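Once you've looked at the hints, dock chain B against the given chain A.
Chains as they are written, first to last, in my numbering: chain A, 10 to 367; chain B, 170 to 1239.
The hints are simulated quantities; they were obtained by calculation from the structure and are not laboratory data.
No incorrect hints appear here.
Partial selection, computed: residues in chain A whose CB lies under 10 Å from chain B:
no., residue
1, TYR64
2, GLU75
3, ARG90
4, GLU91
5, THR126
6, ASN281
7, VAL320
8, ALA344
None of the values given here were measured: they were computed from a predicted structure.
The beta carbon of each residue, even a glycine, is placed where N, CA and C say it ideally should be.
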Amino acid sequence: MKAFLILEDGHVYEGTSIGSKKEIISEIVFNTSMTGYLEVLTDPSYTGQAVCMTYPLIGNYGICYEDMESKKPWPDGYIVRELSRMPSNFRSEGTIQEFLEKNDIPGIAGIDTRSLTKLLREKGTMNGMITTDENYKLDEIIPKLKEYTVKDAVKRSTCSEITKLPGEGFKVALLDLGAKNNIARSLHQRGCEVTVYPAFTDAKTILDSNPDGVMLSNGPGDPKECVTVIEELKTLYQSGIPIFAICLGHQLMALATGADTHKMKYGHRGGNHPVKDLKSGRVYISSQNHGYVVDETTVSPEIAEVAFVNVNDGTVEGLRYKQKPVFTVQFHPEACPGPKDSGVLFDEFLNMMKEGGR
Amino acid sequence: MPRDNSIKKVLVIGSGPIVIGQAAEFDYAGTQACRSLKEEGIEVVLVNSNPATIMTDGDIADKVYIEPLTAKVLEQIILKERPDSVLPTLGGQAGLNLGMELAESGFLEKNGIRLIGTTADTIKRAEDRQAFKDTMEKIHEPVAPSQVVETVEDGIAFTNTIGYPVVLRPAYTLGGSGGGIAHNLQELTDILENGLRLSRVGQVLVERCIAGWKEIEYEVMRDGAGNCITVCNMENLDPVGVHTGDSIVVAPSQTLGDKEYQMLRTSALNIIDELNITGGCNVQYALKPDSFEYCVIEVNPRVSRSSALASKATGYPIAKVAAKIAIGYTLDEIKNAITGKTYASFEPALDYCVVKIPRLPFDKFLTAKRTLTTQMKATGEVMSICNNFEGALMKAIRSLEQHVECLLDYDFSALDDEKLEEQLGVVDDRRIWVIAEALRRKFAYEKIHEITKIDFWFIDKIAILVEMEQRLKSEELTPDLLREAKRIEFPDTVIGRLTGKSADEIRDLRREHKIIAGFKMVDTCAAEFEAATPYYYSVFGSENEAVETRPDKKILVLGSGPIRIGQGIEFDYCSVHSTWAFKEAGYETIIVNNNPETVSTDFDIADKLYFEPLTPEDVENIVDIEKPDGAVVQFGGQTAIKLTESLMKMGVPIFGTKAEDVDAAEDRELFDEILQKTEIPRAAGGTVFTAEEAKKVANELGYPVLVRPSYVLGGQGMQIATCDKEIEEFMEIINRIAQDHPILVDKYLMGKEIEVDAVCDGNDILIPGIMEHIERAGVHSGDSISVYPAQTLTEDIIEKIEDYTGRLARALHVRGMINIQFIVYHNEVYVIEVNPRSSRTVPYISKVTGIPIVKLATRVMVGDTIRGMGYEPGLQKKADYIAIKMPVFSFEKLRGAEISLGPEMKSTGECLGIATTFEEALYKAFLGAGVNLPKHKKMIITVNDADKKDAISIGRRFEKLGYEIYATRSTAKVLNDNGVKAIKVNKLSQEAPTVIDLILEHKIDIVVDTPTQGRDKSRDGFLIRRYAIETGVNCFTSLDTVNALLTSLESAKIENLELIDIAKVAKRGN
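Pulled out of the complex, with its shape left as it was, chain A reads as follows (with noise of 0.2 Å):
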């Protein structure tokens, strides 16, 4: 069956119905990285957009549902270049046709990903439809494709009751702002007790069960719509308990210290970015998925410190507190999919753990 992706600009581009049949209107981004695609597709950070694979060959491994970063697939829609019509992989349980099917997830193959890919970055991020509906309507699509923006993205996609992974070690309260699993995972790993809240927890709940640390997990949308979660993060830095925070826990900890976010053209997101740790001068390459940085004029120098540069681009990736044990990063160190270079921040919230609070 046809399909077809119609951008914001009237572009369209033409392929093959995969997965769910349904249309859907969301915001096209594109990722880069050429191994890890159920991570991406169960990344809660992509919910309300679509995502688009840079890496041409999709599916060549199948779905191994142990290498799930959630519960479920959170794109609205899926764009590849070719799926692999047989899988191959010891762990396949199964090919990504049947999984996107399965979780009524609409996609297109078969068309020119890289001329999607160059036009994103040209124009920036854009709004796009998927639909089969061969008789399609320009005019009226347009109007309402423009209108689209990604709404209570972590409401939707946070977690609805506290989970506890038990273990010996520091108890660390995990915000889930719409998180991958392997955060919890990577801490648990390390011995520590991980309590999962749900996004809209407030800061007293977590402060009364007594925890080592807080962690704030990656996210969906628009950082500056996450006004409620923002308040309650001016308490948790506030009682100086030491934070640890990633992606879109990383912009609401500087919003939540007078630092603001700007929407970037096309954002970051591959498993190939370089960030530079200005301390030591040594760059990781890193995991990352973000549309959205912190502005770095509106840093206060007294609040925080930047710790981390893009070194492509020279935007935030990471920024140390000074006043109180607060340290954050824009980039994934808890992988998946990508390298696993910069894990040993993890280890530094321990040691951040371990002096205490201020």
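Same frame as chain A, now just chain B:
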């Protein structure tokens, strides 16, 4: 970290002659590195014995020594030039070993010189088997259970503890040389003996066999600050058991999930960190297909063949970055030259699929064992890029220049199912064709996988190609079917074959339905950033990204494809220099080539690079977009010449000599007319198609005769026949490949062979020099020792050669290059052949004479004249030096290959000996080729009857040098009868000890064995030669070569070699 300013003068070690396992990739790496160092204001001293390389040009390094690569010679160069640092990591294993020798002997320390790029300690820990194993154990990286042994007994004892099969890897050898898999005691003993001898340190690693596991490689970079990145990973289609150089390789890996990918990536970074490597490094893994278990196979702490492939596959210039790291920069300080925006500290993201296929030399060595093992046999490789695997595989297949364009072309349809199943178990270069046939027969994937261990994913991809064959054969050719066939890169010719149409009809149909190729960019970043460098590959069904530029003048330069015997690195040298000359002349330059090892496919050589197969259809796709003002085919060897006619049909003017004149040189009748007109004699001969005709002509001429196909390079299929029976045999071999052109049968004149390269501007002619071959006619010019300037010609003969060269060039309306081979026989000059194109001697003669031949030829093509460029026409005055080009062979890598020299070329590379005297030049040439004598002063002589007389003087001269001579019965008799003391040894059929036992004592320096005329049928001779080669004995099959060796040995009291800076010679010419 900024650059280390204490580094001011660096000695870069090249990799020497091209041999199997160490080819053009090191010219590419070395050239890139030298340019990158010079860019930083560092004075570069280069040493490499290989004159065919670009790196040995005067404009690549400041000082260039084309001298033998031995530690002694290097020490002399270092004492003369006084560099502060030595960079050993860009010259392959040869360079690394030399760097190590200089460090271990204490020479570097004594002279206050440091190794940069990597330390001696690092090299040792990566290369020494035990040290490597200990290092891996220390950081908990798994390696297969193994033990380093120094005796066969220890090897057997250890194998008994881990069980067969075992893999054997000699330490410090090339291309897995001497290694292999042993399944039983006999094999174990054989391989161990051989391997222990080949290893520089007499060590062999005996290892648990992990054959059948997935073979995965990572290319890693690390800087002095400890920053690490992986440039690329690659997966071998052929599982562990086949040397990666002989495997079909795909980048990035296809069947690894992120968990496996990251597991191995992390391991690779841990290893490079522990080894403290600064620069590039290659790590090879075996990954168990049904678990996360893996083993580190080996680590190369240097730039390698794989890194050249990774560079071309990703656009990331590994050698350049490695050189910058060596002088102190960190990765985040080095700009990514492709994007111009980002930095070297990132990991390339590919949005396409790359396939490499090795180019194996079995078309040249019919008797060689075709099976692929852990010992590399390929002479070169091709790479292709597409956005799907099937397409990339199809493009790579047709790039091979092996008369294959799809999976039907090695035909196994005649085998019955049982035989086919057997054939599936044979691991050779035709395996994917066998799989294709099995799939046509509906063999189950499981069965194919069980036998081959090739991953299901690859088998399914081959199945997709087979299904398309069937559909094209059985279905109507609809636009949709055609579109799909083109998406997976079925060429028009194959679609035509399968649908019963002509390729032209298919092309017209495509155009009608707008099924045309588009071009995409290799940009290192999957389109995330805008790229500044136009490096393209074609795909169907996608938008075209190649920007059509409209400069004043635009030229298409066609490259020479994969390195193979007969068409080596020399042609890349010529293509690159021609490109540079066109640039200088104000042209926009476009290179088309498919060889990832070469300088020509470096992204900053031409203005635009198209990494594509060199077939008419693929070139036409480029022509359609670029609309060049002309194309140049003279420099890309036979590959480019073959495209002439097609280019003309496309309406692309050919720069330089016209196609009809090229034809006139190749077509026997037309050429005879020209010879008559110019009154130049040639050996009598005729043209034939069948064996009957050939025998008739041969008998008219009288034996011996020379039999050869026309339009070939490297004398492929050329043989000397001495009787009707041999004619039949040779004709059968030649006609195995359908011949478009007639076969030539000529009277064979055993005279002195002379070679001339010249530039003609249509009127005047410039001859840089005349070369004389040491071996008499009958040995292919590429396998002969070539001496410049000719040493034994009279003035009369020289004048005649100059005159004939002029006459021929003018008669053929040559504009650009011409190469002529003459025979001087009984004081008369005969023409053997004329090639109106560049030849393999051009780089060497350019360097020795200082005359930039390719540049002049290129400028002539665009209208300059020889006089206009400041040269006096005619034969140029002799250079101050004598330069001798010595062929280098790779026989030890090719089990079962016949090594005797004949009219068909067999050498893989060459080195140069340059000096002010003939003797010293010869000595250097032999030394450069690895002939370092005397050692034990024992030798064996066994010659055919025709050579017996000449053997006497040879024996006498060796005797005088103190050699103990062993000879087979009749040779011994002749020698003893003539007063040369020779000890008789038994032939193989006689009782022990035989001549083979003698060789296996490892005390023999030299074997002189001349085969009986024609293709040698004697099993004795063949076995003697093979044993000699495989035990590392110098074996000579031409007495002319032996005489030259004697001359060199007799004057070998050369203690202090005169070292010649070739860059100075080059400047003289400009």
